Every structure is written in structure tokens, then in C-alpha cells.
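Chemist: What follows is the residue order along each chain.
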Amino acid sequence: MATETPITDSSTAAGPNGSARTAGPGRRRIGSGVLTLFTWLVALVFFLPVLWMVLSSFKQEADASSNPPTFFFVPTLDQYSEVLASGVGSYFLNSIIATAISTLFVLVLAVPAAYAVSIRPVEKTQDVLFFFISTRMLPVVAVIVPIYVIAGRLGVLDNIWTLVFLYTAMNLPLAVWMMRSFFQEVPREVLEAAQMDGASLLTTMQRILLPMVAPGVAATALLCVIFAWNEFFLALILTAVNAATVPVMIVSNMTSEGLFLAKLSAASVLASLPVIIAGWIAQKQLVRGLSMGAIK
Amino acid sequence: MRIPRRHPARAPQARTVRSTIPRWTALISAAALLLSGCGSPEASGEPITVAIVANPQMQDAISLKEKFRAEHPDVDVRFVSLPENEARAKITASVATGGGEFDVVMISNYETSMWAANGWITNLQPYIDQTQGYDDQDFISSIKSALSYQGNMYSVPFYGESSFLVYNKELFEKAGITMPARPTWAQVQEMAARLDDSANGVSGICLRGLAGWGEVMAPLTTAMNTYGGGWFNQQWHPLLTSPKTQQAVTEYVDLVRNYGEPGPATAGYGDCLTLYSQGQAAMWYDATAMVSSVEDPASSKVAGKNGYAPAPVMDTKASGWLYSWSLAIPSTSEHKDAAWKFVSWMTDKDYIKLVGNQIGWERVPPGSRYSTYQIPEYRKISEAYARPTLAAMNAATQENTMVHPVPYQGIQFVAIPEFQDLGTRVGQQISAAIAGQISVEEALRQSQAYAEDVATVYQREDGK
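For the record, the sequence lines run as chains Z and F. This note's numbering puts the first residue of the first sequence at 1, with every later residue one more than the last. This note's numbering puts the first residue of the second sequence at 1, with every later residue one more than the last.
Hints listed in this document are in silico derivations from the structure and should not be mistaken for laboratory results. Each hint should be verified, as a subset may be incorrect.
Said to hold, decoys possible - Subject to a maximum C-alpha distance of 25 Å in a straight line, what follows is the list of computed SDA-like cross-link-like pairs (lysine to any residue):
id, chain 1, residue 1, chain 2, residue 2
1, F, 336, Z, 241
2, F, 349, F, 68
3, F, 301, Z, 69
4, F, 244, F, 449
5, F, 301, Z, 58
6, F, 65, Z, 86
7, F, 301, Z, 68
8, F, 65, Z, 78
9, F, 301, Z, 88
10, F, 305, Z, 63
11, F, 305, Z, 68
12, F, 65, Z, 69
13, F, 67, Z, 85
14, F, 336, Z, 153
15, F, 301, Z, 70
16, F, 67, Z, 86
17, F, 65, Z, 251
18, F, 301, Z, 55
19, F, 65, Z, 87
20, F, 305, Z, 61
21, F, 305, Z, 62
22, F, 301, Z, 85
23, F, 65, Z, 174
24, F, 65, Z, 55
25, F, 301, Z, 76
26, F, 301, Z, 254
27, F, 65, Z, 153
Unchecked claim - Pulled a few chain F residues facing chain Z out of the computed Cβ check, cut under 10 Å:
id, residue
28, 89
29, 97
30, 100
31, 101
32, 199
33, 202
34, 265
35, 266
36, 268
37, 270
38, 289
39, 292
40, 299
It should be emphasised that the depicted structure is a prediction, and the values quoted were computed from it without experimental measurement. Heads up, the beta-carbon is just placed ideally off N, CA and C, and yes, glycines get one too.
With the rest of the complex left out, here is chain Z (with noise of 0.2 Å):
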């Protein structure tokens, strides 16, 4: 079976009597010492900018903008309590409840689409795909001033049920087009195999289908959270002030006359933390999902 292919190759890869060192031990030691080096060059790259914020949002406004930059400062909370001050807590409450709902209602949708285009595709089922996708194609700021009135014209402007709405519409293309990717990959045994036992479309889906594709379903719901999460141009036009999300209330702490840097980064820390740690909860079902696949 196809399942053994991998096995066998990861047991080589793995090498775990040594045999695959005893190849060439010197180079292939330097080769994976420079190789490390380069990952970890890279991760110290991409994640410069992050430390810098998290350092700013300690720092005073006057140290935040020096030129040049102040690397030993006395840390403070000052920020981070003005900040909390402002009150954020309707901001991020917007967020999560557009953030969560959204994610939930493109899943509920995304999930069955996904499976009538993959493992019961029709004579359109390409065409219905592209267009999906191409949804994705035109930019927002195209689209936004119908969407504007339309909103206007409804009386539904600053309601958070519209980012809702949008951010559903947003993720729903993505999320069909990942899910159908992870739908491909079960076997088509499987789902005949369930069939000749009598299971309903509802319970195969639950049963047999769902739990294998969790970890896809897992992958697909962080990308959409992100999305939902940073999303800034619809809520930054769409809102006022009961609908406002957190990317609204970070650009509120800029100001073109007078210092914001430290005002600013204590701000994106707070808004960073909630998808940092739906990432690492993500992080751990994808590797959970993962290892119970049986097919994988």
C-alpha cells in the first residue's frame, strides 16, 4: 500500500543506527552546521522586527524615536497602561466576535463545499473552483465604495454583523480551495469502505472523513482567524464606534505631529497576543492531527 512508501523513507532519513552519518561524517557535519546557521540567521531576520516592538512598547516615547536607536533603556509599564487606559476591551471584543463567528460560519460552509468539489466533483466543478477564487482577484479598495453604500443604504454601517458578513465572504474562496486540497488527499477505499457498512453522508462526514481531515480543518480556521484577525482597510471604512476592531484602534494611536512609536508598539503587542496564542494552540492540534492520521 501507499502507506508504506513513507515509512521506509523516513526510517532511512531518520538514520536511527547511524548508518546514514557514516557516510560522509565531516562534510555532511559542516553542511548541516552552516545549514542551521542560515535557519537560524534567517528566524533571527524575520523576527528582529518583533523583538523591536516588544523592546519599544517598554521604552519611553523620547527613547522610542532616537536616532540612534536606544538599546539600554529603563524599562516601563507607562505605555502599556495608557494603552489599557483608552479601553481597548470593546475593540478586542469586536475583534473576537468577528474574528470567531466569521471563522465559524466559513468552516460550516467551506467544509461542504469543499467535499462536493472534491470527492463528488460534477461537470463544472473547475469552473465553479475558479470562480471561487476569483473572487479573490479583485483588490478591496476596488469594490469598497459600492460595498459602502450598499452598507449605508441597509443602515447596517458600524454593526459588527457586517464585518461578519465580509470577513466570512473574505475567507470562504481560501478556505474551499484548502479544504478540497486535504479532501483530495483521503482515499477513495475509505469512504466506499464506510458506504458498504451502511453509514449516512452525515455520519461518514462526522465519523470517518472529519477526523482525518482535522488537520487541514485546523490549518484552514488559523488562516482564516489571521485574516479576520489583521484585517484592517473594511473595518477602518465600515466602522465608527461600536463596531471598531483592534487594527482600528493600533493606527488611533498614530499621529502625524508629536512621538507615538512606544504608544504604538505597547499597542500592537496587546493585539498580537490573541492570534500568537491561537497559532500555538493551532500549532498543537496540526501536530496531534497529524500523527493520528493513519493514512498520512
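Dock chain F against chain Z, hints included.
Modeler: Showing chain F alone in chain Z's frame:
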């Protein structure tokens, strides 16, 4: 087969999936409940929503909200505060399409006359006339006329600014240079050449070079105006390749390239503020609003060491721009009376005193009212810059700062809707010339082509 064996092993997880469904439902219900709670805050009174630009003086107004509330318990005011570009995009989208989210918006003299002509904002004159003690004759006259349309005020100023030349007196003394009472661009060039000390990290002058109609194009347009060039002549023919404009732009670009700050093509107001405040520039030509930062000992190393000279001139007796952040009431507002209560509170003489007493006299919004400059406490702290600021504001009219009459409103901008885009695209060309990527001639030739596209519409309207 393996499948039937896996089936029961998966069963517990399937149960988990099922059992999470009620949990999700509960979460959504809880969120919806919370949401319905945050949609209607406990504060009572007629709700008004105010959209403002997140500058320090506006943040002060938000912090004084309770004072307004104490005077007007029947009005519940809520703020949306965003940085300039985001605020402008959002307010324009809302007002232009009649979105109606806002009862009060902060706009500038760029928008006021255009929006008044479109009927997007309310005529405030009847409100002003009916409000006792609200002295509109006290508004600085150049600002008042910039915010009026057909003789009526459509927005009222919160603060105003012009531009002037700040210089570091210590560096001037050391170099043995005296700033002329009314410097010309040629003199500025000469002084910058003598003061430029790259070895010690001091530039002769700091000038904006960052692309954008509100960045490099603001100071540069004042230079173009005083040289006798500009954007358009009376017949809407673009003047960007005219010899006078070319001379102004060439000298500005040469000045900033030779004696200006490092990396001038990306330097904006904020960069020059940092450099000048750190003592790394001998002169800086920019907004009069700079004083609150330049004279603040907490963030500026040159506080108390500065002299202020009028904006450099060439063929006019004065130069400098005029800009004001002001408050207007969109026509779509359903709470106009309550909105006016707030607008009149935030732009009244008493508000200036309130800020002075509660927050500090250095934080007072300047450049809106003559009476501000009569307050003893404010006069004391603003001794070095109050008079030059007021003089710059008074001089900032088209008649004083331009050689030829123009068919539009505005000094450092052309008050037409297309200007934001045109100004930014021309700014990109100028920035490229400052960076040395293209010549000034090339930049202006391309800019002229952009301006011709825009001008066609207005030439046609004129022809009708």
C-alpha cells in the same frame, strides 16, 4: 482491512466534535449578548459621533470630554480618532456618500469650500449668529475666510497654522551669521551653505522631500508661488514647466540635495522634527505648529535656543501656507443642534482657557483666535514664537503670497477634488528628482502632463 478497526477508535473524537457544537452555540450567544451591551453604552442623552484627526491637541479634547458632559448632560458625545490619512479617507467616504455615521467631522480648509459647494456640510453661520458669546469676529481673518463659502462659515477652526523658518541661534552665533528680518530663498541658500557641517552631523537646513501633496508639495508650492510660478494660471493652463516654476523647483531641489538632511527624498515633517530637535539641522522651514514640539524640553535638545523668521520669499512681500483643522456638521446628521453644542464648545474662547488651566498653556490649540494671543499666561510661555506665528497667519493670503492671481482657492494646495491625486503624483516626481533618479526638467515635464489631464475639465467648464 484496517478501516473497520479505525472506525471505533475514532468514535470518541467524533463525539468530541458533536459535543463542541452546543459550546459554540453558547459562545455565539454570549458574544451576541455582550455585543448588544456594548452597542448601547450606559451614558444617556442625545448621542453624537465625532470623527477627529488623532493629533495631540485633539486627544486633549477627548480627555476633556467630561467637562463638556458636565455643561451639556443632554448630549452624549463619542469619538472616532484616526491619523490624518485614515481620517481623511473615512470622513470623505462618509460625507460624500451620505453614510451618516458622523454628526461632527474634522476637516481642513482644503475640503470646506468644495464640500460646502456640494451641499455636503451644514451652513454654520445661522448657528454662529444665534449663539451668544460665540465671537466669530475673533477668528483669525485669513482662516475665517478660508473656511467660508459665499460669505458664510461652513466649518469653524479648532486650530490653524502657517509656515515659517526656525533657526538654531547657537549655530548661527557660532558661524557669525545674522538671520535677515525677511529672508529670501537666495539668502537661505547662502546661509545653509555656510552652516552645513556634514562632518559633525549638522545639515544646513531641513526641508521636506517625501512624496505627497501634504508633504514635499506644501513647502515647495509656497516657493513656487513666491517665485511667480505655480500650478495653474487664471485660464487653468498648467504652469509646472514655466521658467519661474522651474527656477523655484531647481533651487529647492539643489538646496536640499547640497545642504539638506541625509536621505532627503524620504524626509517628511516627522523626520525634520526629529533632526532639528536633536540639533542636527541649523534651519528648518515648516509648519508653525512645530513650536509645541521644538520648544518642549522633554523631547527637544534645542528648546529655548530658537529664532523664528518669516517664510522665505522671492518676488512677493510674504510667503507661507495656510492650513486649519476645523469642525463641520455633515448635512446628513440627524442631531445638528446637539452637534453644534459640541462644535461651539470645542472652538470657543473658553475652551482655550480650559485647556490652559487643565492641561497646560503649551498645549493650547494655536492659530484659531486672536484672543488666544491676548491671554497673559499664553503670552508668557509663547513669547518666542507667538508673534511670528500670528504674523505668518495674518500674511497667509493668496494676494500676499502669490505673484499672479489664480482661479482656485488655497495657497499650498489647489482646492479641487483631483488635487490629492495630482499633488501626490507630482510629489513623487519631485521626490525622484531629489533622490537624483531623474532631472528636475524631466520631473516637471511629467508633472505638466499630469496637470494637463486635470486642467482639461476646468478649461472646458470655463469655456461654457
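Chemist: Confirm or reject each hint.
Modeler: How the hints compare with the structure:
no., hint, result
1, F/336 / Z/241, "holds, 18 Å"
2, F/349 / F/68, "holds, 14 Å"
3, F/301 / Z/69, "holds, 16 Å"
4, F/244 / F/449, "holds, 18 Å"
5, F/301 / Z/58, "holds, 23 Å"
6, F/65 / Z/86, "holds, 13 Å"
7, F/301 / Z/68, "holds, 15 Å"
8, F/65 / Z/78, "holds, 22 Å"
9, F/301 / Z/88, "violated, 34 Å"
10, F/305 / Z/63, "holds, 22 Å"
11, F/305 / Z/68, "holds, 23 Å"
12, F/65 / Z/69, "violated, 36 Å"
13, F/67 / Z/85, "holds, 18 Å"
14, F/336 / Z/153, "holds, 21 Å"
15, F/301 / Z/70, "holds, 16 Å"
16, F/67 / Z/86, "holds, 17 Å"
17, F/65 / Z/251, "holds, 21 Å"
18, F/301 / Z/55, "holds, 24 Å"
19, F/65 / Z/87, "holds, 14 Å"
20, F/305 / Z/61, "holds, 22 Å"
21, F/305 / Z/62, "holds, 19 Å"
22, F/301 / Z/85, "violated, 30 Å"
23, F/65 / Z/174, "violated, 44 Å"
24, F/65 / Z/55, "violated, 33 Å"
25, F/301 / Z/76, "holds, 22 Å"
26, F/301 / Z/254, "holds, 23 Å"
27, F/65 / Z/153, "violated, 31 Å"
28, 89, "holds, 7 Å"
29, 97, "holds, 5 Å"
30, 100, "holds, 7 Å"
31, 101, "holds, 4 Å"
32, 199, "violated, 17 Å"
33, 202, "violated, 14 Å"
34, 265, "violated, 18 Å"
35, 266, "violated, 14 Å"
36, 268, "holds, 9 Å"
37, 270, "holds, 7 Å"
38, 289, "holds, 6 Å"
39, 292, "holds, 8 Å"
40, 299, "holds, 5 Å"
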